[in-house]
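With positions in the sequence shown counted from 1, the corresponding number in this note's numbering is that position plus 67.
Please note that the accuracy of each hint is not assured.
Unchecked claim - Okay, derived cross-link-like pairs now, PhoX-like style, lysine-lysine, Cα gap no bigger than 20 Å in a straight line: (1) K220 x K498; (2) K90 x K114; (3) K650 x K289; (4) K107 x K125; (5) K470 x K498; (6) K693 x K668; (7) K220 x K90; (8) K470 x K441; (9) K650 x K295; (10) K679 x K668; (11) K212 x K303; (12) K668 x K650; (13) K690 x K701; (14) K220 x K242; (15) K367 x K476; (16) K650 x K303; (17) K498 x K459; (18) K498 x K441.
What the hints assert, rightly or not - What follows is a set of in silico ranges between Cβ atoms, one per label pair, in the way DEER data are often shown: (19) A116 x Q155: 18 to 28 Å; (20) D465 x G132: 47 to 57 Å; (21) E101 x G378: 45 to 55 Å; (22) G120 x D333: 48 to 58 Å.
Simulated from the structure, these hints should not be mistaken for laboratory data.
The C-beta atom is built at its ideal place from N, Cα and C for all residues, glycine as well.
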Amino acid sequence: MIHPSLLHPQSIVVVGGSNDVQKPGGAVLRNLIEGNFAGKLYVTNLKEAEVQGITSFKDPSQLPGVDLAIIAIAAKFIPETVEILVNQKNTRGFIILSAGFSEESHAGKLLEEQVVETVSKAGGSLIGPNCIGVLSPAYHGVFTKPIPTLNPKGCDFISGSGATAVFIMEAGIPKGLTFSQVFSVGNSAQLGVEEILAHLDESFDPETSSRIKLLYIETISKPQMLLKHAASLIRKGCRIAAIKAGSSEAGSRAASSHTGALASPDVAVDALFRKAGIVRCHGREDLISVASVFCFPELKGDNMAVITHAGGPAVMLTDALSNAGMHVPHIDNPASKELLTQLFPGSSVANPIDFLATGTAQQLGAIIDYTDTKFDEIDGMAVIFGTPGLTKIFDVYDLLDQKMRTSGKPVFPILPSGLTAREEVSVFVSKGNVFFPDEVLFGNAVARVYHAPKPAPSNPQLPAVDVVKIRSIIDQSHDGYISPEAIQELMDACGIPRAGEAVVTSAEEAMRSAAQLGFPVVMKVVGPVHKSDVGGVVLNVKDEATVAREFERMICIKDTTAVLIQPMLSGIELFVGAKFEPKFGHLILCGMGGIFIEVFKDVAAGLSPLTKEESLSMIRSLKSYKIITGIRGKEGVNEEMFADIILRLSALLNAAPEIIELDFNPLLGSMKRVVAVDARICLGNR
68 MIHPSLLHPQ
78 SIVVVGGSND
88 VQKPGGAVLR
98 NLIEGNFAGK
108 LYVTNLKEAE
118 VQGITSFKDP
128 SQLPGVDLAI
138 IAIAAKFIPE
148 TVEILVNQKN
158 TRGFIILSAG
168 FSEESHAGKL
178 LEEQVVETVS
188 KAGGSLIGPN
198 CIGVLSPAYH
208 GVFTKPIPTL
218 NPKGCDFISG
228 SGATAVFIME
238 AGIPKGLTFS
248 QVFSVGNSAQ
258 LGVEEILAHL
268 DESFDPETSS
278 RIKLLYIETI
288 SKPQMLLKHA
298 ASLIRKGCRI
308 AAIKAGSSEA
318 GSRAASSHTG
328 ALASPDVAVD
338 ALFRKAGIVR
348 CHGREDLISV
358 ASVFCFPELK
368 GDNMAVITHA
378 GGPAVMLTDA
388 LSNAGMHVPH
398 IDNPASKELL
408 TQLFPGSSVA
418 NPIDFLATGT
428 AQQLGAIIDY
438 TDTKFDEIDG
448 MAVIFGTPGL
458 TKIFDVYDLL
468 DQKMRTSGKP
478 VFPILPSGLT
488 AREEVSVFVS
498 KGNVFFPDEV
508 LFGNAVARVY
518 HAPKPAPSNP
528 QLPAVDVVKI
538 RSIIDQSHDG
548 YISPEAIQEL
558 MDACGIPRAG
568 EAVVTSAEEA
578 MRSAAQLGFP
588 VVMKVVGPVH
598 KSDVGGVVLN
608 VKDEATVARE
618 FERMICIKDT
628 TAVLIQPMLS
638 GIELFVGAKF
648 EPKFGHLILC
658 GMGGIFIEVF
668 KDVAAGLSPL
678 TKEESLSMIR
688 SLKSYKIITG
698 IRGKEGVNEE
708 MFADIILRLS
718 ALLNAAPEII
728 ELDFNPLLGS
738 MKRVVAVDAR
748 ICLGNR
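With the sequences and hints as input, model every part of the structure.
In structure tokens form, the structure reads like this:
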């Protein structure tokens, strides 16, 4: 829990407060004063008797008791200052604006750890260091601008970067985006994004709390905490959008399996966000666009009307919506023909609905009314309206404001003339409206919000597996890749279908096993990681002589310890794999198998444990999904069987968390069966 002194202090001291408002200590004091902090305000300054009209104390030990300290002095003096405040002044809330801690050096890290230990031992709460502070209805504890007018129904914003928080507010406020409170967590020495989000969840009030949460994250230190509380908030009716920066990797990490090569930490972030129901964004304007969509009623369906007096933007928006999985359906019915008679000649109501550059506010109102009440095929409206600046157009913006409030379907205003119609747009925003300046950013944002999955159940029911057998096999195995025999036993214990097979170490044994399995057979080396790269896979072997000859060749391949023989099966090659990602847990991937996984890298990922719905969603999100459903007369794959294998893998990982990498590649799938043909399982110390 966060200490109340940080959230609702009755008294605040600015340590290092200054008369120079160009310094953090001066600026934060100015903002506290101008923000009309209702409690007692104190200042410490070594040289000044009075700072910005407030009596200054030269030393923290001279202060009366104080709830919250906002600190803006050199890092080396802060541990001692914090100790005095905690032990002598009963201070339990701390915001450290100063830099010079773990972000700079090992010595700074030690100072930071000392401060955290002092605050935590006393049960206090710390924001920072190296942050811009906290902006809330209780106090304006930041040293930056802008200071927006806070709206209880605006966005709760938690940022790991103070500068990014400032830039997002700078860009969002002119578009009508409002904020309820802003937390800049800086180094997250004690409280990070996850802890603040947990507080917002645990203190959520359906009557008074904001339902929009925005996150800027550079490091996810506690993914399970983030998942738990984000999902909880969304189930309570909130909507969450987040930027996770630092997603690229300087170089490819060495990995010994297909899954290891494909399952990067950023894939885990994507999977975490989907599981929680968070909409992932990839830049400031992207986050602002998604947050703005959150400000409108939820769409009931994916059919959009594009209403415009400018053809080009309408075409670009239609493309953006269509490419993102939304629909701009053709409109042709008696009501549309009736509407057309009320517009100027040359107008179109087919969708996009174009009422020409000469169209009037009255015509726009008629279009919105018809779309709202008479076009049942439409779920929401995007209205693109700009101006060449020939005349003032307050009437159009007034009409938009009215229709947005009264329409039964969401009306999204796209207003590209932010400069030419600055006065009109400013009045429109002053009435509490949000708008979108760019049609493509809007199209991408509204589609992602609409398609965002609901949070997955926290404790999904997994298929029954033989946990006792699984544990026996795992406990008897050493770290590293386990034997084919152990893999077969694990698959059988989980109920994962596999091809019949034999592991042989002599030509005679190979011929005998091939005859028992039935020709034709497949022969694969046991040992080398990428078998096909070293000539370690032979298909369609039809007789014993070829079996013997190929065995003698294959057993001589470097690192080969045996040869695996399986019946030659047919079907679409599929892939399922898993990788343990530190802090996140097991990441499960699926996609097209065989060499296609290397060529196309078309995979979907989810965090274990998975639900059946998540497994099916992963399969259906693949770009190659049409191959799975069957295309051009070719038989597809039984999705239910494919999903069942994914679920059984999730159950295996639950029973055997020691698995760090796993490949079932390929699986061979048809409408009648999905069978694992090859598998690798690696155990390790996590």
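Do the hints match the structure? See the list:
Annotation: proposed proximity of K220 to K498 holds, straight-line Cα distance about 15 Å (limit 20 Å). Only pairs whose Cα atoms come within 20 Å are accepted, and K90 paired with K114 is accepted, the gap being roughly 15 Å. Restraint check for K650 and K289: satisfied, since their Cα atoms lie roughly 7 Å apart, inside the 20 Å limit. With a C-alpha separation of about 18 Å, the suggested pairing of K107 with K125 holds against the 20 Å cut-off.
With a C-alpha separation of about 13 Å, the suggested pairing of K470 with K498 holds against the 20 Å cut-off. For a cut-off of 20 Å, the pair hint linking K693 to K668 stands: about 16 Å separates their Cα positions. Pair hint K220 plus K90 does not hold up; C-alpha atoms about 32 Å apart against a cutoff of 20 Å. In summary, the hint linking K470 to K441 is supported, as the alpha carbons are separated by about 15 Å, within the 20 Å threshold.
A distance of roughly 14 Å separates the Cα atoms of K650 and K295; the hinted pair therefore holds under the 20 Å criterion. Straight-line distance between C-alpha atoms of K679 and K668 comes to about 23 Å, which puts the hinted pair past the 20 Å bound. Only pairs whose Cα atoms come within 20 Å are accepted, and K212 paired with K303 is rejected, the gap being roughly 32 Å. For the proposed pair K668 and K650, the alpha carbon gap of about 25 Å is over 20 Å, so the pair is violated.
At most 20 Å may separate the alpha-carbon atoms for a hinted pair to count; K690 and K701 meet this at roughly 17 Å. For the given pair, K220 sits about 16 Å from K242 by alpha-carbon distance, which is consistent with the 20 Å threshold. Distance restraint check for K367 and K476: the Cα-Cα separation of roughly 9 Å lies within the 20 Å cut-off, and the hinted pair is therefore satisfied. Proximity of K650 to K303 is assessed by CA-CA distance (about 26 Å); at most 20 Å being required, the pair is judged violated.
For the given pair, K498 sits about 18 Å from K459 by alpha-carbon distance, which is consistent with the 20 Å threshold. This hinted pair does not check out: K498 and K441 have alpha carbons roughly 28 Å apart, beyond 20 Å. A hinted range of 18 to 28 Å holds for the C-beta pair A116 and Q155, which are about 22 Å apart. The given range of 47 to 57 Å is respected by D465 and G132, whose C-beta atoms sit roughly 54 Å from each other.
Checking the proposed 45 to 55 Å range against E101 and G378 shows it holds: the Cβ atoms sit about 47 Å from each other. A C-beta distance of roughly 50 Å is found between G120 and D333, which places it inside the suggested range of 48 to 58 Å.
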